[in-house]
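Heads up: the sequence lines are chains Y and U, in that order.
Count along the first sequence from 1, then add 134; that gives the number in my numbering.
Count along the second sequence from 1, then add 8; that gives the number in my numbering.
Warning: the hint list may mix true and false statements.
[Stated by the list, open to error] In silico lysine to any residue, SDA-like type, Cα no more than 25 Å apart, as pairs:
#1 U:Lys84 - U:Glu108
#2 Y:Lys313 - U:His263
#3 U:Lys69 - Y:Asp306
#4 U:Lys149 - Y:Val334
#5 U:Lys272 - U:Arg231
[Claimed, not checked] Stretches of chain Y that chain U covers, calculated by requiring three or more beta carbons in the stretch to come under 8 Å of a beta carbon on chain U:
#6 278-285
#7 301-315
What the hints contain is simulated information worked out from the structure, not anything from laboratory work.
Even glycine gets a Cβ: it sits at the ideal position worked out from N, Cα and C.
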Amino acid sequence: MEKMIFGRYLPLQSPVHELDPRAKLLFIFGFVIVVFLANNILSYGILAVFTLLCIYLSRINIRFLLSGLKPVIWIIAFTFLLHIFLTKEGDLLFNIGFLKIYEGGVRQGAFISLRFLLLILVTSLLTLTTSPISITDGLESLLNPFKKLKLPVHELALMMSISLRFIPTLMDETDKIMKAQIARGADFSSGPIKERVKAVVPLLIPLFVSAFKRAEELAVAMEARGYRGGEGRTKYRLLHWQGKDSAALVLLLVLAALLWWARS
Amino acid sequence: MDIQLQEVEYRYAAGTPFERLAIEDVSFTIPEGVFLAVVGHTGSGKSTIIQHLNALLRPTKGQVVIGDRVISAGKKEKNLKSVRKKVGTVFQFPEHQLFEETVEKDICYGPINFGIPEEEAKKRARSLISQVGLSEEVLQKSPFDLSGGQMRRVAIAGVLAMEPEVLVLDEPTAGLDPRGRKEIMDMFYTLHQEHGLSTILVTHSMEDAALYADEMIVMHKGRVQKQGKPRDLFSQPDELAAFGLSVPEVVRFQHRFEALSGMKLDRTCLTIEELAEELARAKKRGEDR
Ligand SMILES: Nc1ncnc2c1ncn2[C@@H]1O[C@H](COP(=O)(O)OP(=O)(O)OP(=O)(O)O)[C@@H](O)[C@H]1O
Ligand SMILES: [Mg+2]
Numbered sequence: 135m136e137k138m139i140f141g142r143y144l145p146l147q148s149p150v151h152e153l154d155p156r157a158k159l160l161f162i163f164g165f166v167i168v169v170f171l172a173n174n175i176l177s178y179g180i181l182a183v184f185t186l187l188c189i190y191l192s193r194i195n196i197r198f199l200l201s202g203l204k205p206v207i208w209i210i211a212f213t214f215l216l217h218i219f220l221t222k223e224g225d226l227l228f229n230i231g232f233l234k235i236y237e238g239g240v241r242q243g244a245f246i247s248l249r250f251l252l253l254i255l256v257t258s259l260l261t262l263t264t265s266p267i268s269i270t271d272g273l274e275s276l277l278n279p280f281k282k283l284k285l286p287v288h289e290l291a292l293m294m295s296i297s298l299r300f301i302p303t304l305m306d307e308t309d310k311i312m313k314a315q316i317a318r319g320a321d322f323s324s325g326p327i328k329e330r331v332k333a334v335v336p337l338l339i340p341l342f343v344s345a346f347k348r349a350e351e352l353a354v355a356m357e358a359r360g361y362r363g364g365e366g367r368t369k370y371r372l373l374h375w376q377g378k379d380s381a382a383l384v385l386l387l388v389l390a391a392l393l394w395w396a397r398s
Numbered sequence: 009m010d011i012q013l014q015e016v017e018y019r020y021a022a023g024t025p026f027e028r029l030a031i032e033d034v035s036f037t038i039p040e041g042v043f044l045a046v047v048g049h050t051g052s053g054k055s056t057i058i059q060h061l062n063a064l065l066r067p068t069k070g071q072v073v074i075g076d077r078v079i080s081a082g083k084k085e086k087n088l089k090s091v092r093k094k095v096g097t098v099f100q101f102p103e104h105q106l107f108e109e110t111v112e113k114d115i116c117y118g119p120i121n122f123g124i125p126e127e128e129a130k131k132r133a134r135s136l137i138s139q140v141g142l143s144e145e146v147l148q149k150s151p152f153d154l155s156g157g158q159m160r161r162v163a164i165a166g167v168l169a170m171e172p173e174v175l176v177l178d179e180p181t182a183g184l185d186p187r188g189r190k191e192i193m194d195m196f197y198t199l200h201q202e203h204g205l206s207t208i209l210v211t212h213s214m215e216d217a218a219l220y221a222d223e224m225i226v227m228h229k230g231r232v233q234k235q236g237k238p239r240d241l242f243s244q245p246d247e248l249a250a251f252g253l254s255v256p257e258v259v260r261f262q263h264r265f266e267a268l269s270g271m272k273l274d275r276t277c278l279t280i281e282e283l284a285e286e287l288a289r290a291k292k293r294g295e296d297r
């Protein structure tokens with residue numbers, strides 16, 4: 135549980151940490167689109183190298199980052215298997231009666247899993263290098279134009295930052311309640327599936343109860359301190375767009391161009 | 009059942025940038041039937057230690073011997089249920105662990121997990137609910153309709169219902185009213201006296217440590233700094249102060265009295281009764297002279 139990295143912020147000194155949150159958000163947004171340009175070994179290779187470069191620049195220990203991926207490994211493996219079994223393209227590689235594995239399936243599966251992996255890595259970099267408050271500020275400022283369309287931008291940004299802020303808290307809470315129930319003989323890690331699903335109830339109920347309680351307390355605490363929404367609210371931290379922020383976006387464009395050139 | 013910690017070290021999130029050394033080089037033995045108090049400033053590693061006593065945490069160095077089981081660093085143990093049946097733990101704020109529809113079901117959750125028949129579990133629930141100071145009607149209520157203090161008592165009953173041989177208590181009375189505190193502590197003490205239950209009590213209350221414990225361990229910055237009888241440890245208030253701890257009021261009174269009067273009482277008194285006796289005796293001695 136304590137190895138979870140989602141929503142965690144790792145305060146370090148690095149070029150990535152120092153970027154404007156708006157630049158990072160735009161970068162991620164662009165990256166998510168650019169990723170779909172890759173469609174062969176060369177382009178996926180470029181993408182992977184680029185991701186490694188980002189990780190290197192962020193000074194975040196890659197082993198730590200990878201160990202934090204454990205929870206999603208299953209989803210990735212599942213996607214991979216799904217493609218292997220369901221895609222029927224290219225040469226037949228394997229044939230055991232009902233099970234037919236095609237070359238296209240393996241390739242598709244590998245590519246899609248890799249795409250998924252890279253997306254997760256890069257997006258975790260965002261939360262690892264940017265404090266929740268900066269993310270919110272950045273998001274709010276990026277979405278500002280939509281205020282004209284009566285979109286509750288401030289509220290959305292606030293909701294997001296609260297969620298991000300409370301992920302680690304909920305993780306700790308889960309850990310605590312889990313331990314308390316294990317001490318009372320609960321077994322979360324062995325036994326038949328049906329039993330295991332049932333074993334989760336004593337974990338989920340206290341978790342929900344405390345999450346609701348926490349939400350209520352937070353709302354009261356905010357009101358007590360005079361919070362009345364975004365109207366007329368000034369900012370303590372101001373964002374400054376700098377040359378390096380533009381450079382990050384240019385880098386993304388370069389990547390896009392490279393992928394365009396490499397794709398088949 | 010004895011529990012032994014041998015040079016135990018624990019690091020949270022070991023191997024990540026969030027790694028944090030919580031306790032190191034902790035060695036002590038909890039003999040069967042002892043009442044042990046663990047005191048220390050906040051963050052000194054008390055809760056971390058007690059999670060080793062039923063193998064919820066595996067040491068990152070050293071080993072923990074629980075009865076005939078050895079939990080050592082780097083070795084994954086299977087089937088720890090038998091350990092957890094023998095060592096019952098009441099965590100800090102145990103009311104957060106309640107989840108069942110009724111109080112009765114919640115109390116029965118532990119025993120049933122450990123293979124106790126439902127009838128027997130219910131019987132235990134009925135006898136325990138009055139033992140923790142609640143009426144039997146509460147059994148059919150939802151635990152979420154109770155007050156914080158009542159929930160605490162239900163959670164404690166849920167652990168006692170497992171009938172453990174060793175009872176581990178992590179600040180069981182924090183946040184209760186003074187009378188509730190005394191009731192609960194007296195109940196633990198009675199259990200300890202009548203059934204010979206080994207009891208490990210983590211507490212910030214020096215009064216409780218003085219009143220109930222046979223042995224006391226002082227933690228500071230993840231290490232055991234002192235171990236001994238409460239009476240001996242409390243007779244040296246300056247040493248405790250170095251670890252951010254005070255002594256019980258009674259003891260403080262005695263030290264102040266001795267400093268002002270120049271008289272020295274025969275022993276460090278841990279209760280008001282003891283102190284009154286000693287003072288009376290000292291007065292008599294003074295008159296006799
Ligand atoms: N889940 C966790 N992850 C990381 N660090 C932790 C975790 N739990 C405790 N720690 C750290 O380990 C150290 C010891 O904590 P522990 O909870 O054992 O202290 P404690 O003596 O029980 O304190 P308190 O009296 O406040 O309950 C602290 O520095 C704490 O920050
Ligand atoms: Mg604690």
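Structure-based check of each hint:
{"no.": "1", "hint": "U:Lys84 - U:Glu108", "in the structure": "31 Å, violated"}
{"no.": "2", "hint": "Y:Lys313 - U:His263", "in the structure": "43 Å, violated"}
{"no.": "3", "hint": "U:Lys69 - Y:Asp306", "in the structure": "23 Å, holds"}
{"no.": "4", "hint": "U:Lys149 - Y:Val334", "in the structure": "22 Å, holds"}
{"no.": "5", "hint": "U:Lys272 - U:Arg231", "in the structure": "33 Å, violated"}
{"no.": "6", "hint": "278-285", "in the structure": "violated (count 0)"}
{"no.": "7", "hint": "301-315", "in the structure": "holds (count 6)"}
Of the numbered hints given earlier, the model fails hints 1, 2, 5 and 6; all others are met.
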